[in-house]
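Participant: Put the complex together from the two separate chains, hints included.
One-letter residues, chain by chain:
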Amino acid sequence: MRSEHESVVRVEGLVKTFGRARALDELDLDVRRGEVHGFLGPNGSGKSTTIRILLGLMRADSGRATVFGGDPWRDAVELHARLAYVPGEVTLWPRLTGGQCIDLLGRALGGLDPGRRDELIERFRLDPTKRTRDYSKGNRQKVSLIAALASDAELLVLDEPTSGLDPLMEQTFQECVREAVDGGATVLLSSHIMGEVETLADRVSIIRDGRTVTSGTLADLRRHTTTEVHAVTDADPGSLGRVTGVDGLRIEKAADGRFEVRCHVPAPRLGEVTGLLHAAGIHTLTASPPSLDDLFLNAYSGAGAATGGEEQTGDRR
Amino acid sequence: MTSPFAGTGLLARIALRTGWRAAAAWVLGLAALYLVTGLSIAALYDTPQELATYGASVGESMIMLTGRVAGLDTLGGVMMNEYSFMVAFGIPVMAIALTARATRKEEESGRSELLLAGRVGRLAPTAAALVVVVGVFTVLGLALWAATLTVDLDRAGAALYVASIVAAGWVYAAGTAVLAQVFAHSRTVWAAAMSVAGLTLITRGIGDVNRNWLSWTSPLGWHGLTRPFGESSVVPLFVAVVAAAGLAAAALWLAARRDVGQGMVPARTGPATASRWRASRTGTAVHQHLGALTGWTIGVVALMAMYGALMNVVVETMMSNPDLAVFLGDSGTVVDSIVQMLVAFSGFLGAGFALQTLTGLRGEETAGRLEMELSTGRSRWSWLAAHTAVVTVGTVVVVLAGAAAFGITAAAVLDDPGLAGRIIGAGAWYVPAALVFDAISIGLFGASPRLQVLAWAPFALAVVVTLMGPTLRLDEDQMRLSPFGAVGTAPVGPVNAIGVAVLLTVTVVLVAVGLAGFRRRDVPRT
Numbered sequence: 000m001r002s003e004h005e006s007v008v009r010v011e012g013l014v015k016t017f018g019r020a021r022a023l024d025e026l027d028l029d030v031r032r033g034e035v036h037g038f039l040g041p042n043g044s045g046k047s048t049t050i051r052i053l054l055g056l057m058r059a060d061s062g063r064a065t066v067f068g069g070d071p072w073r074d075a076v077e078l079h080a081r082l083a084y085v086p087g088e089v090t091l092w093p094r095l096t097g098g099q100c101i102d103l104l105g106r107a108l109g110g111l112d113p114g115r116r117d118e119l120i121e122r123f124r125l126d127p128t129k130r131t132r133d134y135s136k137g138n139r140q141k142v143s144l145i146a147a148l149a150s151d152a153e154l155l156v157l158d159e160p161t162s163g164l165d166p167l168m169e170q171t172f173q174e175c176v177r178e179a180v181d182g183g184a185t186v187l188l189s190s191h192i193m194g195e196v197e198t199l200a201d202r203v204s205i206i207r208d209g210r211t212v213t214s215g216t217l218a219d220l221r222r223h224t225t226t227e228v229h230a231v232t233d234a235d236p237g238s239l240g241r242v243t244g245v246d247g248l249r250i251e252k253a254a255d256g257r258f259e260v261r262c263h264v265p266a267p268r269l270g271e272v273t274g275l276l277h278a279a280g281i282h283t284l285t286a287s288p289p290s291l292d293d294l295f296l297n298a299y300s301g302a303g304a305a306t307g308g309e310e311q312t313g314d315r316r
Numbered sequence: 000m001t002s003p004f005a006g007t008g009l010l011a012r013i014a015l016r017t018g019w020r021a022a023a024a025w026v027l028g029l030a031a032l033y034l035v036t037g038l039s040i041a042a043l044y045d046t047p048q049e050l051a052t053y054g055a056s057v058g059e060s061m062i063m064l065t066g067r068v069a070g071l072d073t074l075g076g077v078m079m080n081e082y083s084f085m086v087a088f089g090i091p092v093m094a095i096a097l098t099a100r101a102t103r104k105e106e107e108s109g110r111s112e113l114l115l116a117g118r119v120g121r122l123a124p125t126a127a128a129l130v131v132v133v134g135v136f137t138v139l140g141l142a143l144w145a146a147t148l149t150v151d152l153d154r155a156g157a158a159l160y161v162a163s164i165v166a167a168g169w170v171y172a173a174g175t176a177v178l179a180q181v182f183a184h185s186r187t188v189w190a191a192a193m194s195v196a197g198l199t200l201i202t203r204g205i206g207d208v209n210r211n212w213l214s215w216t217s218p219l220g221w222h223g224l225t226r227p228f229g230e231s232s233v234v235p236l237f238v239a240v241v242a243a244a245g246l247a248a249a250a251l252w253l254a255a256r257r258d259v260g261q262g263m264v265p266a267r268t269g270p271a272t273a274s275r276w277r278a279s280r281t282g283t284a285v286h287q288h289l290g291a292l293t294g295w296t297i298g299v300v301a302l303m304a305m306y307g308a309l310m311n312v313v314v315e316t317m318m319s320n321p322d323l324a325v326f327l328g329d330s331g332t333v334v335d336s337i338v339q340m341l342v343a344f345s346g347f348l349g350a351g352f353a354l355q356t357l358t359g360l361r362g363e364e365t366a367g368r369l370e371m372e373l374s375t376g377r378s379r380w381s382w383l384a385a386h387t388a389v390v391t392v393g394t395v396v397v398v399l400a401g402a403a404a405f406g407i408t409a410a411a412v413l414d415d416p417g418l419a420g421r422i423i424g425a426g427a428w429y430v431p432a433a434l435v436f437d438a439i440s441i442g443l444f445g446a447s448p449r450l451q452v453l454a455w456a457p458f459a460l461a462v463v464v465t466l467m468g469p470t471l472r473l474d475e476d477q478m479r480l481s482p483f484g485a486v487g488t489a490p491v492g493p494v495n496a497i498g499v500a501v502l503l504t505v506t507v508v509l510v511a512v513g514l515a516g517f518r519r520r521d522v523p524r525t
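Sequence order for the protein chains is A and B. Mapping the first sequence onto numbering that gives the first Met the number 0, position 250 (from 1) lands on 249, and the numbers just tick up by one. Mapping the second sequence onto numbering that gives the first Met the number 0, position 10 (from 1) lands on 9, and the numbers just tick up by one.
Hints were generated in silico from the structure; no laboratory data involved. These figures come from a predicted structure and were not determined experimentally. Ideal Cβ placement from N, Cα and C applies to all residues, glycine included. Careful: at least some of the hints might be erroneous.
Claimed, not checked - Here are the simulated EDC-like pairs of lysine to aspartate or glutamate, each with C-alpha atoms no more than 20 Å apart in a straight line:
| hint | chain 1 | residue 1 | chain 2 | residue 2 |
| --- | --- | --- | --- | --- |
| 1 | A | 136 | B | 521 |
| 2 | A | 136 | B | 414 |
| 3 | A | 136 | B | 363 |
| 4 | A | 136 | A | 151 |
| 5 | B | 104 | B | 364 |
To be verified - Looking from chain A toward chain B, a few residues come up when the C-beta cut is under 7 Å (computed):
| hint | residue |
| --- | --- |
| 6 | 56 |
| 7 | 57 |
| 8 | 80 |
Only chain B is shown next, with the shape it has when bound in the complex (with noise of 0.2 Å):
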């Protein structure tokens, strides 16, 4: 009997062919920002004196979002730290775009049936997909390995930091696998696989502000329990690869047992006919985005729920630490601070449901859908106009719910019914940083659709301004130049008046210029 392996490095091969864009983007992405924090880092603590300071000043509150860094008074602890949010967010969501692509969208097209039928093993589909994703992460590891050679680190610690991230993107992949044996289409795939990274983001979260056992469920919290610039153990890594080893054996083990093209849920049935308010211009359009935006905002309101829950956990840890609150002065800018990244996360969130949907029209473009539709007596106008109708609403409903969640579950645990009403109101200043990037892709959409993926760019480009503005000293005006910078500090500091009606402008005209030039367009572009 052949091996049910056969004909994996064929595509594996196939793989990077394919997909070697998306991969470089993510390897060269992450490796050039965590260069570029790591030079900056340098020039900024370069004496231990400063290094001291920069430790007494992160204190408890980020914990919650970046993890617990050990080590904080070395260089290598605070680049760490530094760079935590883009391990925390951008190491899941690399696994899960490769691995999905890899794994159940090529399923789902039919190629991998084409391949099946020919020398190619049962394995062998979901083993290459394996094989690619985990050595994109490995090359990611030594792009990282590389950019600590530029600074003076502790190298064994270099080391063990570089590992256990690629273990984290490794347990995160694997585990990604495993969802695309069990969900059929990729988009069920994706939605259940952020949620289960966003989970072990809350795991992490609570375990390290409290100290305790769920920071060991969490691939992120592993990676932050290596500690490789404090007192360093291997225990942790280990326990990654182990786990990824697992997840890997168990999508190897379900994909020998299932059916090609189907998942291990059966297809549901639904409803024979649609209603009047289904089949309207309108109705297609809601239902369309219905299930992202359901699945978008029960995500966004956990997250920001949790995150609100552990608000007295900070509080409570400043107020027992004397020396900090001395060291902070007023216990209240930390707090504010944390609450205006804490409330600029729901306008990413926003935007980010906002750029995949659109992406979807896309999707319904080339699979030959939006000529249907528009081969009836629906005018393209009216087509895209109810679908930008409809994502907007969605975008607002994401930004305001996850501004609610967090400012409800804060100001309950805080004892402060007023912080309620100043988060959801600093929510809604977001608003328009998060609308923007629905125009830029309508207007992509409309106006040259193959590059509507492109606005992903400014989007990532944006969140890492924001979130990584201080650490690669952007002044003021630079971070303004993102549109989540452009809005102000609400609920800190004072709304940027002009920076809000500039993005406004900015969204009405893009908008303008995609129905406009979608209405001129060729309909397929493919």
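In isolation and in its complexed conformation, chain A is listed as follows (with noise of 0.2 Å):
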């Protein structure tokens, strides 16, 4: 199943738990070479913690975590040298300026490319000299992705990377991820914000109390889920709710005599219900596929209704 491509990250059946807590329970992920991978989940679903293990600051309890092959804690210095860290959290040296700081890291990262960081400075418009107990979140998360994204790694692990930036280096952001994937790096991406998740990622892995909820393409999270269908027809279509999986089925009668339909209708059902609708004499017809945000506040809440195969049930808005 998983001979067509490499893994660049693969864990599997992993398990931390501190103290009493248990923060990952059995959880799986797979981040093949080339693309975003979105990695989502509620606060405190473990996201961090399994950056923490990918990284090697931290040891799992039991099951397996990769990274390009090598093992985490065992091998963590010869994968860091291929690898560039965002916290969502960035901590600096208050006393050193901004662009002090970046070559710090640069220098923990192996060097950085002096025209690419002042490039990056630039496009970020990140003012290098200020102190950098004088900057914001924002710009404190700035130095930490300039370094990353300046060091020429082939993996970049970022933790809510843009929690602090503004729209406008929102989109700064994004268009450097791109090249640097453009450029043959992977990204493994952990974020809150849907936008981000959906311009960026190939596939994205849902996690919710330490455990993978789902994996898999956005494509593939909405196959399993359905399309809010609203149409208005001449005719009755009463035989929609006969077609399988079709749900949520209401038909007004109109004043003008027309039928106003409307129904949660599965992916793979689309052509038959259109079908139907058709022989019923479409008037209007608007098929909203599933927004990003109820995918995954579906995921996030439990419902399990993103996962495979599983029926859609009651009305998601």
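Facilitator: Pasting the structure below:
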């Protein structure tokens, strides 16, 4: 099943406990070479713990985690030579300037491309002469991002890297990630910003309570969810109710004699449903795929709705 | 496999770049003090006869604090004895401060994590911290060595003396590095390391007074046992170096096996809700300082009770030595002078508590919690006033608890019930001296928060003046410039009522400046 691609990060059945608290409970994750992998989950679901294990900062209690095929705890330094990390909460040396901090981090990352460094400072509109104690959260994050992006790493591990950035900088960040991927990099991106994930991620993994709820491309996730269909037809498409998976069907007769139809349709049944609507004489038709927000809210809240094959029930709004 | 030490050099350079000021202040301060001690002692005792009188006058009284110094009939020995306060207190505190800052504080801030995600091995942060602190102590050694050249000392003795100080610093630094692996917060590391250091001071004190094996359990004991200006021995120096290496290895062994950002002791959970009291203005302030107050009080009581319990050994030794008794005339005065010194000690510790706790308020501000608290209905004035009140009460508690522990144990072992009351009463007079440092810190916090940390400077100066005033040949008026001198010399001599009044006035004015300044200034001022 996994023969057709190369995994950069591979995690199987990872368990990590802190005292009595079980932070990771058999978590799985697979990040393939050259992709942007969205890593999502509610607060406290174990994203940062997973990332710290992948960086060899923490050791798992059981399960298997590999980065570039190596053991992140044992081979930490070799693996770090090929990756760069940006945490969500960046603390710098308060007395040093932003530029000095970029260079310090760059040294730890094994050297930066000076041209790239200056270009990124320009693009992120960072004042590198300010002392970091005078920086806002977003500016501290820029320091860490610039160091990571200028380091020519094969794998970028980004843990909510844009939580303090303004929309303009968010745009710049997305461009930079795209360029890095075009240059051959792989990205593990933990984020709460749906637009960012939607734009960047090739595949996503959603975790909850330390366990992987679902994993796949956004198209995969959508395929297993339902589309909201709203149509006005000339005749009553009553036979819709017999299509498997169609749910929440409501047909009302409007004042002008037409029929107003609303229902939720699983993706594989869309053709059949539009056929029936067509037969009933379509006057207007809107079909809205579920927004990413809906997908994630479902997965986060534990409805299990986005998982493959399960039937969608109830109104999601 | 690359070395887990990869990046140690880079991290050491970062530590030096960001921490050289503190290191330089320690080295220069301690070396300058040794230089001044040397010059003033050399001028004071310039003949063998005078040196002989020094040896006789010291007697047993101070040994529990300063350790037993060999060769008191030599200039080097006299200087070692006069400087021993600085070694006993300065060296452990310097080691703990520099090491805790370079290890756990960096990790707590998240900076270590950022670097460890690069080409930096797991052991590099601990190794770099040790390299830097060990290096700083070596530089201190060179500075002290340079200072010994200004007076005519036995060269071999001076070398052994300086080496034994450096080695003691290494041991305390490596020990702190071990504790930094065990505890997840730098505050806890500080508290644990200071407790262990206090314990080594106590075991050295008991061992040196009784001339028994307990001296060998303490790095300060090893320092004294090298007897650089007496029948010198390098064995204790080797013991210290081996102990430092062993502790450093233990710190690295632990660092290789634990999660970054975590301690070895798992974090405990607490109640999910805050009681009405806990959420109130005063309740928040009390709880914030309660841990520190408890820690300081336990430490002060343990230290002072130990000294109280040792008082009978001091008196017995003096009684059993008729020559000494004759020389001193009245043994009571010697007992009194050490009693006064120890009561003043309670005052130092009270001020230390206040300064440490108030520096924490600044931490609240830089961490962003202060703006959150002030964005509620809580006024600035009431916030700072509540903390001032709580820390003031805490200072009084620490000073009086120390005096009480000392007084009660001393009264018990000397079978002199009246002594307890006299000592506790004397302790009360040192409260205004301690409170003045509360006020300096609060005044700076309100008026110029970035400079708040400078409140430690007058404190350090006052301690030095009080402990070393006679050595530095300060006269009585100069001694009174230290708040601890300004209150008089209770319980031995009279209380200086004017001094106390001045201190209280200064305290009130500085607190008012702090409160007024805090109402006007920007929050946060980072």
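Participant: Work down the list of hints and note, for each, if the structure agrees.
Facilitator: Each hint tested on the structure:
For the proposed pair residue 136 of chain A and residue 521 of chain B, the alpha carbon gap of about 19 Å is at most 20 Å, so the pair holds. For the given pair, residue 136 of chain A sits about 64 Å from residue 414 of chain B by alpha-carbon distance, which is inconsistent with the 20 Å threshold. Note on residue 136 of chain A and residue 363 of chain B: the hinted pairing holds, with a Cα-Cα distance of about 17 Å set against a maximum of 20 Å. Between residue 136 of chain A and residue 151 of chain A the alpha-carbon distance is near 24 Å, which puts this suggested pair outside the 20 Å criterion.
A hinted pair counts as satisfied when its Cα atoms are at most 20 Å apart, and residue 104 of chain B with residue 364 of chain B qualifies at roughly 17 Å. Evaluation of the residue 56 of chain A hint against chain B yields a held restraint, the C-beta minimum of about 4 Å falling below 7 Å. Hint status for residue 57 of chain A: holds, given a least beta-carbon distance of 4 Å to chain B, under 7 Å. At its closest, the beta carbon of residue 80 of chain A sits 5 Å from a beta carbon of chain B; the interface hint therefore holds under the 7 Å criterion.
The structure fails hints 2, 4 (numbered hints given earlier, in ascending order).
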